[in-house]
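Engineer: Listed below, chain by chain, are the residues.
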Amino acid sequence: MTDQTAAHDHHGDHHDAPPSNFLDRWVFTTNHKDIGTLYLIFSLVMFFVGGTMALIIRAELFQPGLQFVEPQFFNSMTTVHALVMVFGAVMPAFVGLANWLIPMMVGAPDMALPRMNNWSFWLLVAAFTILVSTLFMPGGAPAGGWTLYPPLVLQTGDAFPFMVFAIHIMGASSIMGSINVIVTIMNMRAPGMTLMKMPMFVWTWLITAYLLIAVMPVLAGAVTMLLTDRYFGTSFFNAAGGGDPVLFQHVFWFFGHPEVYIMILPAFGVVSQIIPTFSRKPLFGYSSMVYATASIAFLSFIVWAHHMFTTGMPIAGQLFFMLATMLIAIPTAVKIFNWLSTMWKGELTFETPMLFSIAFVLLFTIGGFSGLMLAIAPADYQYHDTYFVVAHFHYVLVPGAVFTLMAAAYYWLPKWTGYMYNEKIGKLHFWCSAIFVNVLFFPQHFVGLAGMPRRIPDYPTQFADFNAISSVGAFLFGFSQLLFVAAIWSSVKGKQKATDQVWDGAKGLEWTLPSPAPYHSFNEPPHID
Amino acid sequence: MFNRLCTPLIAAICISLAAFAVAPEAYAAWDLDMPIGKSTLADEIMGLHHLILIVCTVICIGVFGFAFYTFLTCRRSKGAKAASFSHSTRAEIIWTIIPTVILIAMAIPSARTILKIEDTSGADISIKITGYQWKWSYDYLDEDMFFYSSIDAASSAAAQKNSGIDPATVKNYLRNVDKPMVVPVNKKIRILLTANDVIHSWWVPELYVKKDANPGFINEAWFEAKETGIYRGQCTELCGRGHGFMPIVVAVVTDDEYRQWLEGGLAWDQTKQELIAVNLFQADEPADQLAAL
Numbered sequence: 257m258t259d260q261t262a263a264h265d266h267h268g269d270h271h272d273a274p275p276s277n278f279l280d281r282w283v284f285t286t287n288h289k290d291i292g293t294l295y296l297i298f299s300l301v302m303f304f305v306g307g308t309m310a311l312i313i314r315a316e317l318f319q320p321g322l323q324f325v326e327p328q329f330f331n332s333m334t335t336v337h338a339l340v341m342v343f344g345a346v347m348p349a350f351v352g353l354a355n356w357l358i359p360m361m362v363g364a365p366d367m368a369l370p371r372m373n374n375w376s377f378w379l380l381v382a383a384f385t386i387l388v389s390t391l392f393m394p395g396g397a398p399a400g401g402w403t404l405y406p407p408l409v410l411q412t413g414d415a416f417p418f419m420v421f422a423i424h425i426m427g428a429s430s431i432m433g434s435i436n437v438i439v440t441i442m443n444m445r446a447p448g449m450t451l452m453k454m455p456m457f458v459w460t461w462l463i464t465a466y467l468l469i470a471v472m473p474v475l476a477g478a479v480t481m482l483l484t485d486r487y488f489g490t491s492f493f494n495a496a497g498g499g500d501p502v503l504f505q506h507v508f509w510f511f512g513h514p515e516v517y518i519m520i521l522p523a524f525g526v527v528s529q530i531i532p533t534f535s536r537k538p539l540f541g542y543s544s545m546v547y548a549t550a551s552i553a554f555l556s557f558i559v560w561a562h563h564m565f566t567t568g569m570p571i572a573g574q575l576f577f578m579l580a581t582m583l584i585a586i587p588t589a590v591k592i593f594n595w596l597s598t599m600w601k602g603e604l605t606f607e608t609p610m611l612f613s614i615a616f617v618l619l620f621t622i623g624g625f626s627g628l629m630l631a632i633a634p635a636d637y638q639y640h641d642t643y644f645v646v647a648h649f650h651y652v653l654v655p656g657a658v659f660t661l662m663a664a665a666y667y668w669l670p671k672w673t674g675y676m677y678n679e680k681i682g683k684l685h686f687w688c689s690a691i692f693v694n695v696l697f698f699p700q701h702f703v704g705l706a707g708m709p710r711r712i713p714d715y716p717t718q719f720a721d722f723n724a725i726s727s728v729g730a731f732l733f734g735f736s737q738l739l740f741v742a743a744i745w746s747s748v749k750g751k752q753k754a755t756d757q758v759w760d761g762a763k764g765l766e767w768t769l770p771s772p773a774p775y776h777s778f779n780e781p782p783h784i785d
Numbered sequence: 003m004f005n006r007l008c009t010p011l012i013a014a015i016c017i018s019l020a021a022f023a024v025a026p027e028a029y030a031a032w033d034l035d036m037p038i039g040k041s042t043l044a045d046e047i048m049g050l051h052h053l054i055l056i057v058c059t060v061i062c063i064g065v066f067g068f069a070f071y072t073f074l075t076c077r078r079s080k081g082a083k084a085a086s087f088s089h090s091t092r093a094e095i096i097w098t099i100i101p102t103v104i105l106i107a108m109a110i111p112s113a114r115t116i117l118k119i120e121d122t123s124g125a126d127i128s129i130k131i132t133g134y135q136w137k138w139s140y141d142y143l144d145e146d147m148f149f150y151s152s153i154d155a156a157s158s159a160a161a162q163k164n165s166g167i168d169p170a171t172v173k174n175y176l177r178n179v180d181k182p183m184v185v186p187v188n189k190k191i192r193i194l195l196t197a198n199d200v201i202h203s204w205w206v207p208e209l210y211v212k213k214d215a216n217p218g219f220i221n222e223a224w225f226e227a228k229e230t231g232i233y234r235g236q237c238t239e240l241c242g243r244g245h246g247f248m249p250i251v252v253a254v255v256t257d258d259e260y261r262q263w264l265e266g267g268l269a270w271d272q273t274k275q276e277l278i279a280v281n282l283f284q285a286d287e288p289a290d291q292l293a294a295l
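Protein sequences appear in the order of chains A and B. Residues 257 to 785 (the working numbering) make up the first sequence, in order. Residues 3 to 295 (the working numbering) make up the second sequence, in order.
One or more hints might be untrue.
Stated by the list, open to error - From the derived model, a few chain A residues whose C-beta atoms are all more than 10 Å from chain B:
#, residue
1, Y715
2, A720
3, T755
Said to hold, decoys possible - Each pair of labels, with its calculated beta carbon distance range:
#, chain 1, residue 1, chain 2, residue 2, range
4, A, I571, B, L143, 19 to 25 Å
5, B, D35, A, L451, 23 to 29 Å
6, A, T605, B, W32, 38 to 44 Å
7, B, F73, A, T768, 40 to 46 Å
8, B, K189, A, I571, 22 to 28 Å
9, B, A85, A, K680, 43 to 49 Å
10, B, I95, A, P782, 52 to 58 Å
11, B, T91, A, T605, 56 to 62 Å
12, B, V280, A, T308, 41 to 47 Å
13, A, D272, B, T91, 33 to 39 Å
14, A, F606, B, T91, 48 to 54 Å
15, A, T605, B, T98, 56 to 62 Å
16, A, G498, B, A159, 39 to 45 Å
No lab work stands behind these hints, which were simulated from the structure alone. Beta carbons are placed, not taken as given, at the ideal position from N, Cα and C, and that holds for glycine.
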């Protein structure tokens, strides 16, 4: 008792219980777990905001004709849905996981830069408050697509500078988050934990953080050029002044392609933690997993123009970007085979996190293969900007990234809250999600091949059947996500205490901590042999 | 708990399935693949698409098969005990090399086709196509022929929000125009694409040609139709609120019909959606008679 009082007097920041004051705990917090929780709650809220927009889109597309919204608002919905889901839901969710898990996995007490950690979270809130407020501005929210192609994006109303500012702020937030991740991993690993002994989740986040630092400034530069083109008389993207609208696409996709790997590499990390646990076997080919992740990250910088085959590229450019893109299939295939081999001859059980991870491996394979098809430039001329592309990237993002986020939540929630979630709700959530996500996105391959362009508010009648199915799938998938909230709630207000080990096959430092994990993860660094 | 949640879900699925059973016949189209091509390069491009699709499907079946076999046999409830192996260099080399070989095998024919797609030389007819918010214009460079092409009146009326017109009653809803592009069959048509305001993209699925129209720049593409007919497409680059409402119609006709059309003897009837003869005699006779005198 005396010791605690003394510690409290001299080291105000180091007491082992969270501050009781709400403001101190949730606004001014520098604790990696509380900031992680804030990030995760924020991304869950954004997931529902972006999901509501998706449902507006799918409601309008349920049948031909315009029933609910005007085309301009429809375009705002596709644009803001994408920005919210990419920058507000998926990325912050992975940052939240990084905050919670990296210190626990490397044996550190907290993140290396706790005050910057707090700042990067609140910047994100500011950015999205601005972005969502553009919906209420004269001229409406941005409606030029999340790719922000000029000259169209320059026709945005009053929302334009706010959108640019919001992107700048979220970029700053991401960069700070990434610096924090890199500094933590490089400096705060427990003695004996060499780089090649780090858990895969830590590895994938390390590589992701470098990607973020490399490309977020490129996005910031691109939107700044848009801003000066509109307000300061420059002509970066205006042919009349000597510029080129296609230049923007090159700059954007130089950011945009690594960006898609920023959203999927931590997902690879999550499943590489979960599958060995429920297979009761070590991850197959750990070092080849690390090298595959690094090569995917490297290749992601030299494939950007595969988004642009129809813009009028020289033949040499088309050939180069086609071949480089096809190369990515190799490390990705290695990863899929390694996960399958991890399960092979294992002792499998199918708890909710494992179910989501398995669905990830299988459905990501489908998304990966449609990506390989899109890499074939002559065929891409037909696929480009159709619903085939929409189906492709939703397969890698929803049953890809989003499913692993759900897997991660189910896997680590007991460690975070100290209570098990309700397994029945979890499993029901899984089966609804896994079935309806296919009802939602699989038919989009067909309408795309048959000739339906993307980003249209209304369509010719021959696409009606598959669109109706897709919309039904969307609503069922969307409402199934309420089960996710119920499952999280069942863990937060849990009845069944979780053990420290939680899962019998789980390996790693985070499972050596009590459940719930103490406010400061490791005050004494553990030793790794 | 489980049952209480399941019942409404199952009910929702049944209701939605029932909705399809009563869907109007005009909506029934279950195309699963690209349309059969009507241009000289179409078969080759579709062939590549099918080749890669088959390769992907076969590997996918293999992956899924192996995965489900693992789920069924290596599970704790079947008494499986975990092995402890954690890597196999030989296996990893094999499954790196096999995809590499497949990819090289795919890349060679793809590269060959790209060269053909990009070869716009030796064209018989050149047409400059300009995209506007939200219509197209066609400028026949060697002829005295320029016109705008906008969505037809019937589609436009039905496409207004809550128009009360059932799109199923509109023939070729959102895929018909007031004036189509007319080209002769079996001739290499070079198209020069540009735009007046924002980026558009010109695509006719059955002709297997798509290229962006960038403001201030000219892109080239080509096609050679093998069969006469009416081919329809849409703008495929987001270009604002009218993006979904700037269709493309290409009428591929015989040489004779093409000449007739150029001379004003044939015109598009947007209601019938076909080229019909214009009575040239009445229109031009007085002028000709004057010239003869």
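Engineer: Can you tell me whether the CB distance of T605 (chain A) to T98 (chain B) sits inside 56 to 62 Å?
Structural biologist: 31 Å, violated
Engineer: Does the claim that Y715 (chain A) lies outside the interface with chain B hold up, using a Cβ gap greater than 10 Å?
Structural biologist: 7 Å, violated
Engineer: Are D35 (chain B) and L451 (chain A) spaced within 23 to 29 Å by their CB atoms?
Structural biologist: 48 Å, violated
Engineer: A range of 48 to 54 Å was offered for this pair. Does it hold for the Cβ distance of F606 (chain A) and T91 (chain B)?
Structural biologist: 30 Å, violated
Engineer: How does the Cβ-Cβ distance of T605 (chain A) and W32 (chain B) compare with 38 to 44 Å: does it lie in that range?
Structural biologist: For T605 (chain A) and W32 (chain B) the Cβ distance comes to about 40 Å; the hint holds.
Engineer: Given a hinted range of 43 to 49 Å, is it respected by the beta-carbon distance of A85 (chain B) and K680 (chain A)?
Structural biologist: Since A85 (chain B) and K680 (chain A) have Cβ atoms about 31 Å apart, the given range 43 to 49 Å is violated.
Engineer: Given the hint of 56 to 62 Å, check if T91 (chain B) and T605 (chain A) actually sit that far apart at their C-beta atoms.
Structural biologist: Given about 29 Å between the Cβ atoms, the range is violated.
Engineer: Taking 41 to 47 Å as the hint, is the beta-carbon distance of V280 (chain B) and T308 (chain A) inside that range?
Structural biologist: 53 Å, violated
Engineer: So the hint says 39 to 45 Å: do the beta-carbon atoms of G498 (chain A) and A159 (chain B) match that?
Structural biologist: Roughly 43 Å apart at Cβ, these two residues keep to the hinted range, so it holds.
Engineer: Confirm or reject the claim that K189 (chain B) and I571 (chain A) have a C-beta distance inside 22 to 28 Å.
Structural biologist: Holds, at about 24 Å.
Engineer: Does the Cβ-Cβ separation between F73 (chain B) and T768 (chain A) fall within 40 to 46 Å?
Structural biologist: With Cβ atoms ~30 Å apart, the hint is violated.
Engineer: I want to verify a distance hint. Is the separation of the beta carbons of D272 (chain A) and T91 (chain B) within 33 to 39 Å?
Structural biologist: Between D272 (chain A) and T91 (chain B), where Cβ atoms are some 46 Å apart, the hint is violated.
When held up to the earlier numbered hints, the structure conflicts with 1, 2, 5, 7, 9, 10, 11, 12, 13, 14, 15 and fits the remainder.
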